[in-house]
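**Q** Single-letter residue listing:
Protein chains: 2
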Amino acid sequence: MNLFYVPEISAESREITLSEDESKHACRVLRLRTGDKVILLDGRGGTYTAEIIEDHPKHCTLHILDYQFEEMPAKEIHVAIAPTKNNERIEWFLEKATELGITEVTLLLCGNSERKQIKEDRFEKILVSAMKQSQRKYLPKLHPLTPFKTFISEHPKGALAHCYDGEKSLLQDVFQASGYPLLIGPEGDFTPEEVALAQQSGYDSISLGKNRLRTETAGLYACMIAVMH
Amino acid sequence: MNLFYVPEISAESREITLSEDESKHACRVLRLRTGDKVILLDGRGGTYTAEIIEDHPKHCTLHILDYQFEEMPAKEIHVAIAPTKNNERIEWFLEKATELGITEVTLLLCGNSERKQIKEDRFEKILVSAMKQSQRKYLPKLHPLTPFKTFISEHPKGALAHCYDGEKSLLQDVFQASGYPLLIGPEGDFTPEEVALAQQSGYDSISLGKNRLRTETAGLYACMIAVMH
Chain F
672 MNLFYVPEIS
682 AESREITLSE
692 DESKHACRVL
702 RLRTGDKVIL
712 LDGRGGTYTA
722 EIIEDHPKHC
732 TLHILDYQFE
742 EMPAKEIHVA
752 IAPTKNNERI
762 EWFLEKATEL
772 GITEVTLLLC
782 GNSERKQIKE
792 DRFEKILVSA
802 MKQSQRKYLP
812 KLHPLTPFKT
822 FISEHPKGAL
832 AHCYDGEKSL
842 LQDVFQASGY
852 PLLIGPEGDF
862 TPEEVALAQQ
872 SGYDSISLGK
882 NRLRTETAGL
892 YACMIAVMH
Chain G
672 MNLFYVPEIS
682 AESREITLSE
692 DESKHACRVL
702 RLRTGDKVIL
712 LDGRGGTYTA
722 EIIEDHPKHC
732 TLHILDYQFE
742 EMPAKEIHVA
752 IAPTKNNERI
762 EWFLEKATEL
772 GITEVTLLLC
782 GNSERKQIKE
792 DRFEKILVSA
802 MKQSQRKYLP
812 KLHPLTPFKT
822 FISEHPKGAL
832 AHCYDGEKSL
842 LQDVFQASGY
852 PLLIGPEGDF
862 TPEEVALAQQ
872 SGYDSISLGK
882 NRLRTETAGL
892 YACMIAVMH
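Line order of the protein sequences matches chains F and G.
Going by our numbering, the first sequence opens with residue 672, and the numbers climb by one from there.
Going by our numbering, the second sequence opens with residue 672, and the numbers climb by one from there.
A hint or two may mislead.
When chains are identical, the list treats them as one kind, so a pair holds in a single copy or across two.
No more than 25 Å apart at the CA atoms, straight line, and that leaves these computed lysine-lysine pairs for BS3-like [as the list claims (entries may be wrong)]:
#, residue 1, residue 2
1, K729, K828
2, K808, K881
3, K812, K881
4, K808, K839
5, K803, K756
6, K708, K756
No lab work stands behind these hints, which were simulated from the structure alone.
A quick note: this is a predicted structure, and the numbers were derived from the prediction, not measured.
When you get a sec, could you build the whole thing from the sequences and use the hints?
**A** This is the structure in structure tokens:
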């Protein structure tokens, strides 16, 4: 059955009208008709079975037949990552990380960041599409581009992956299931000042193994380790 | 320093001439000149420091100054994967898997494969570029598109990821460091006949967790688990 993301729906809803975009997608692109059934997701654990009662391409209206709720995953997987210079690469990270079960993403603005602007709307769409494709029930929370210092002051501990020498832990040995964001730097790495600031605050310096990984691969690898531990 | 992949070089080489393509890249694109030093990789563990003695854009010639050898990784990571319908997706898999340390890739032709042809030359180029980018010393071995049955007869055991019901192991619990390819099916999954054939031969059915993953994400996830175990 076709899936639609409808953030405004709730367990009490009996009837819902899709947005203009989604109505067009349902009635023009997918050619759904009155009487057809679809699945609605609210991105907060709820799955709704619904039947189209008006197949209007601008305000497609549905009657809700059934509601199921899935508990939020106990494990918080929050990756804070500097967007890559090449935008496609970070978009792939967002897609893959959603499939794997990331719960929160922050885009970090670092001293060495080459990309200082992001298209938040587009990133949100990628998360929604990956959520639907992988049949997840929770939409990862996307935070806006955040300066490194601000992030550290809001999240005093976590793990920071960097390439400087010094003592490092393996992420699998130090990962914690909540309040423990995983920080991945830009192509030119975090600056020594950023590493020092994070360490002073209480961050673990981590290694992601001996291979040199691109930013988005490092992000995904960190995410996979968190999923498994 | 700039890196070049020169498969024909060996520990005995004293002088080497780059291919026409690589010569053009060195002398026209990178504007390297006689006296400049570069790194050559043979993709079989050897790293060579070399000095340009003739900066000709069609036959750039180098004198080899130094040779270092890195032992082959003890762990064999062989992913056999059905190429995705969307070619970009499998190309990303090849790039990321190389960064992570895959040692062998086979492209599988399955009953449900939508893509029945691959551009082997292009795939090889992606592996070379990812090897250089991630400073690995071994080029993953790329096998041509292989029918599923042929693959099973040549590799009688390994792990097969599929979405059918039945008893499954976690890859991390059954992975073996040699002679144990990881098989990832096409968008429509392996056919029941393929699953049965593999199981009869001695394959473990594996699960990659509860999330539904795209082909290329499943391949990369399997590869990451193998890297870590």
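**Q** For every hint, state whether the structure bears it out.
**A** A quick look at each hint next to the structure:
1. K729 to K828: neither (47 Å within a copy, 54 Å between copies)
2. K808 to K881: Between copies, since 12 Å is at most 25 Å while 35 Å is not.
3. K812 to K881: Result: close only across copies, 20 Å inter versus 31 Å intra.
4. K808 to K839: between (35 Å within a copy, 24 Å between copies)
5. K803 to K756: Intra 27 Å, inter 19 Å, cutoff 25 Å: inter-copy only.
6. K708 to K756: Neither: 42 Å inside a copy, 28 Å across copies.
The structure fails to meet hints 1 and 6 from the earlier list, while all remaining hints are met.
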